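Listed below are the residues making up each chain.
There are 2 protein chains.
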Amino acid sequence: MTAPFSALVEKHRSTIDAATAAWRERTFYAHWPEVPSGKLYGEDAPSEGKRRFDGQLGKPFDRLLQRDAQSWHGEEESPYGFTLGITYPVLSPDVLVANARRAAPSWAALSPAVRAAVLVELLERAAATFFELAHATQHTTGQGFVMAFQASGPHAFDRALEAVVAGLWAQETFAGAATWTKPLGKTSITLTKRYRIRPRGINVTIGCSTFPVWNSLPGMFASLVTGAPTIAKAHPKVVYPLAIVVAALQQGLSDVGLDPHLVQLAVPTPYEPMTQALVGAHGIGTVDYTGSTAFGQELERFCAEHGIVCFTEKSGVNPILIESVESLDAALDNLAFSLCLYSSQMCTAPQNIFIPARGVAERSSGRMIPYRDVVERLVAAIDALVSNEKVGPGTCGAIQNSATLDRIERARQLGLPILRQSTPLQNPEYPQARTATPLLLEGDTRQRAHYEREWFGPIAFVIPVASFEHGLEEVVGSVERCGVLSTLIYTTDESLLRSADDALIAAGAPAAFNFTGPIWINQSAAFSDFHGTAATRAGNASYTDLAFVAGRYSVIGTRIGS
Amino acid sequence: MTAPFSALVEKHRSTIDAATAAWRERTFYAHWPEVPSGKLYGEDAPSEGKRRFDGQLGKPFDRLLQRDAQSWHGEEESPYGFTLGITYPVLSPDVLVANARRAAPSWAALSPAVRAAVLVELLERAAATFFELAHATQHTTGQGFVMAFQASGPHAFDRALEAVVAGLWAQETFAGAATWTKPLGKTSITLTKRYRIRPRGINVTIGCSTFPVWNSLPGMFASLVTGAPTIAKAHPKVVYPLAIVVAALQQGLSDVGLDPHLVQLAVPTPYEPMTQALVGAHGIGTVDYTGSTAFGQELERFCAEHGIVCFTEKSGVNPILIESVESLDAALDNLAFSLCLYSSQMCTAPQNIFIPARGVAERSSGRMIPYRDVVERLVAAIDALVSNEKVGPGTCGAIQNSATLDRIERARQLGLPILRQSTPLQNPEYPQARTATPLLLEGDTRQRAHYEREWFGPIAFVIPVASFEHGLEEVVGSVERCGVLSTLIYTTDESLLRSADDALIAAGAPAAFNFTGPIWINQSAAFSDFHGTAATRAGNASYTDLAFVAGRYSVIGTRIGS
Chain A
1 MTAPFSALVE KHRSTIDAAT AAWRERTFYA HWPEVPSGKL YGEDAPSEGK
51 RRFDGQLGKP FDRLLQRDAQ SWHGEEESPY GFTLGITYPV LSPDVLVANA
101 RRAAPSWAAL SPAVRAAVLV ELLERAAATF FELAHATQHT TGQGFVMAFQ
151 ASGPHAFDRA LEAVVAGLWA QETFAGAATW TKPLGKTSIT LTKRYRIRPR
201 GINVTIGCST FPVWNSLPGM FASLVTGAPT IAKAHPKVVY PLAIVVAALQ
251 QGLSDVGLDP HLVQLAVPTP YEPMTQALVG AHGIGTVDYT GSTAFGQELE
301 RFCAEHGIVC FTEKSGVNPI LIESVESLDA ALDNLAFSLC LYSSQMCTAP
351 QNIFIPARGV AERSSGRMIP YRDVVERLVA AIDALVSNEK VGPGTCGAIQ
401 NSATLDRIER ARQLGLPILR QSTPLQNPEY PQARTATPLL LEGDTRQRAH
451 YEREWFGPIA FVIPVASFEH GLEEVVGSVE RCGVLSTLIY TTDESLLRSA
501 DDALIAAGAP AAFNFTGPIW INQSAAFSDF HGTAATRAGN ASYTDLAFVA
551 GRYSVIGTRI GS
Chain B
1 MTAPFSALVE KHRSTIDAAT AAWRERTFYA HWPEVPSGKL YGEDAPSEGK
51 RRFDGQLGKP FDRLLQRDAQ SWHGEEESPY GFTLGITYPV LSPDVLVANA
101 RRAAPSWAAL SPAVRAAVLV ELLERAAATF FELAHATQHT TGQGFVMAFQ
151 ASGPHAFDRA LEAVVAGLWA QETFAGAATW TKPLGKTSIT LTKRYRIRPR
201 GINVTIGCST FPVWNSLPGM FASLVTGAPT IAKAHPKVVY PLAIVVAALQ
251 QGLSDVGLDP HLVQLAVPTP YEPMTQALVG AHGIGTVDYT GSTAFGQELE
301 RFCAEHGIVC FTEKSGVNPI LIESVESLDA ALDNLAFSLC LYSSQMCTAP
351 QNIFIPARGV AERSSGRMIP YRDVVERLVA AIDALVSNEK VGPGTCGAIQ
401 NSATLDRIER ARQLGLPILR QSTPLQNPEY PQARTATPLL LEGDTRQRAH
451 YEREWFGPIA FVIPVASFEH GLEEVVGSVE RCGVLSTLIY TTDESLLRSA
501 DDALIAAGAP AAFNFTGPIW INQSAAFSDF HGTAATRAGN ASYTDLAFVA
551 GRYSVIGTRI GS
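Those protein sequences? They're chains A and B, same order as listed. Take the first sequence: its letter number 124 is residue 124 in my numbering, and every next letter is one higher. Take the second sequence: its letter number 215 is residue 215 in my numbering, and every next letter is one higher.
Among the clues, some could well be false.
Here are the computed lysine-lysine pairs in the BS3-like style, where the Cα-Cα straight-line distance is at most 30 Å [to be verified]:
id, chain 1, residue 1, chain 2, residue 2
1, A, 237, A, 59
2, B, 237, A, 182
3, A, 39, B, 11
4, B, 11, A, 390
5, B, 237, B, 59
6, B, 186, A, 390
Keep in mind the hints are simulated off the structure, nothing from the lab. Quick caveat, the model's predicted, so the values are computed rather than measured.
Using the sequences plus the hints, can you model the full thing?
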């Protein structure tokens, strides 16, 4: 270990220890504060971030340290109504892979502990970009500013740190060397043994358009900490956030004396969409993918045939069941926020809301609230949120992809009763923003095909069920048929909670109950909540369990006789 | 935890602690002694084992506790020249899977620590069958008696124990519950969280004909400890050893009050070969496979398409390179034993022996031994071993499958120079035994197709190379093209050793150097040597790393608001 690296190991020891403890104990931990405040990040940080963002618009993004760009390309439009006009250096898949191959051996030769410390250092340095990153995320994904700050900044970086400590923990399971002495009656034989971590190969991470950083960093950092270079392939319309992060990581690598090509950005163009060429290149060992189920399944099959380990987050259909509540308003306020947050452009957003036809029992009032009243109050809660000028536009954000507006139109034409109409939402700051408030339709369990598919965006269904048991059966069936990334059930009955918990987990679904207040089903907390269960059709990855890191490398032994 | 189980946890704590420590430190550990001696296993154990074996011949195997057999079937022939005449209960795939599904929930509900303790108890009880198991293994696989005892008894059981402690270690990474409190400025929000282990589903383990127990127990026990029932599908010609083990495990389960259907035996017949029907059944979560590359690849593809986690040990081509030695005789004696042991019917047996054309440097004599002399002395070492009446027949054993004799014939007809002819080996105890001593051919690196494929059985190639560097290049190329389960290099030059070690591990091969004396490249030691690197075409499983256990279950969280 060279001196600068041992200093980094010392410097970040307490962070790594604390993060490891939180990851194992599943308690609250956040290394980066989630509030976008100059008090926390430096008085100048907010304005400096805005200045960098404004200064980048209309210009080439020239901060990447990756060599041999063949052209420059960019096609980003802000969902808030303007062209970003940024171009990015385009390296061919061959060049990216060759760069990664050159960078690989010296990185693999470092110890896991050194790699972990270097990666924490890189994250700490890259955190200086959080405010520019927030603007970049807002104006590519359509997220509101605060959410964009949190999702691409502290929350994503906490997930990256989580992957680092998970990977370090896994790699430290085994000793690096042993003297093995086998007794043979009165004599014995001794072998000298060494064990080395060998990464599967170069990682390719396929980013998505809605969470370009949050969904990419876990796979990238799990790969890096286990010794592999990573190539992050951006979505063609959402490059800027990932470009900022990759550039900051490359600068950090260069500053600590390592090859910046350990982390590279792949920029797709209309002529080279990148994913297939990268995944099919010689030397690729792991792939991380976030995106559609159809393409994800193709990737999984290709990888299985080519000995590549593939981690996927595809899509699911997330159900809610409301049987009984302490306070209906508290439950519906929470649910309304979840339905509005980033206009439900989240893999974890609820879609299908099952409510017993007889209504919902409210403990605080001792009343049974009829089904129709529950629906009306849910609609009213959504209306109140979206029409609140202070929080509505920021909560809903903008629609990333115009295809989502088409999808709302198709949903309208299903012929189902419309419980709440979707309308554009005026955004005073960005009058040209592409927006849509939640569309709420009424489904029918006899026609599950209507709602047992992912309707990505602000489209949800309320579905009456005969009873809690019937609702749970529908929820569990949906999990088995469609996969799932979140579930949420409201019941004040402990025995119903237990039976639902058992049934959900048996089906492979994460379970949540009785969310009210400032905690939402769409969100998962690094170190405490696993994101994805790896147990349904929604994907085989779980951020960050042991399988997510342990599958990325082999431990290979050397035996030396005498 | 019920009282009997907590007693088992106490009873086996020291075994589990010691095995876990050895597995992590990679030091020597063996829970069951490998010598088939009445002094170690009880004075009557050897004769009792023989009596049970003799008493079983020609009769139905009626010790299994699995219900709803539809027919009885058996087709085993001893490679030593007689018919076993044993029939086994045949349960249809549907019945086996239904039995496993019924047994699953209560097993999954136990804690990992309880499961581990129960499994150690089962192994301890099943170890009482070691001597019968040795005879059963000898007379199905063709292994010599001592090897049969070790491979199906202590060595296999140590691998099972290793899988148990690996699975327990992995599952204990995360707390089972947490109180999660997120600070929110002057207030906070608290969620109650629980985390449960959810096995992927029922395990199907596909056994092989040469190591029916050794290659099956790791996957079976890794699945069991992580909460899943397992169905062990025997090779149609090698049922008896696995039947003994499954019956003993079922009896143990029943005795401790658990459902014996947690472990079941699937017996293939000419009408129902079992594998495809089992793997395709609803509820299968993991598959462990040992066998041919072609069928293994088909299985891997099927599993990827159906969300099943598949662990494979397919086949590789194992190379040896001899550059320099301390003592040539010591090296060649070791190598001759490896080539003869169980007539090379081992996935880890060496096949291609690269020797520099200029010869091998011997340090003890200070001489360069010419290539031709090395070859002659290797042939002489093999001759000496096979013609040694005391150890030859027991070392070579018998040929499990007559197709191996055909393969020897095909190898003879390659047109390559025959360095040593394969002949039958007289076995005084079993004059009808199907035997063959090693065939040694001379290969040529310009015609790699001759030897860059697995020639399963007593078929090896000596291939002259221009230099150590050329030999290493051929070895590494072979690893990349064919996959590998073992490599062995002889060099007394520390810098060559280092460069070979680096190159082998970079290629994904396990490395071994300078084996002499009673330690052979064919063997891997539980707790210390990983079997399989999961990094070459030879398979994606490694006994027993974290990935081998962590991929078998999810940790799924429950979040409860207030």
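Hint-by-hint comparison with the structure:
1. 237/A to 59/A: Satisfied, since the Cα-Cα distance of roughly 16 Å is no more than 30 Å.
2. 237/B to 182/A: violated (34 Å)
3. 39/A to 11/B: Roughly 57 Å between the alpha carbons, so the hint for residue 39/A and residue 11/B is violated.
4. 11/B to 390/A: Not satisfied, since the Cα-Cα distance of roughly 64 Å exceeds 30 Å.
5. 237/B to 59/B: holds (16 Å)
6. 186/B to 390/A: Measuring from Cα to Cα gives roughly 22 Å; hence the hint holds.
Violated hints, in rising order: 2, 3 and 4; the structure is consistent with all others.
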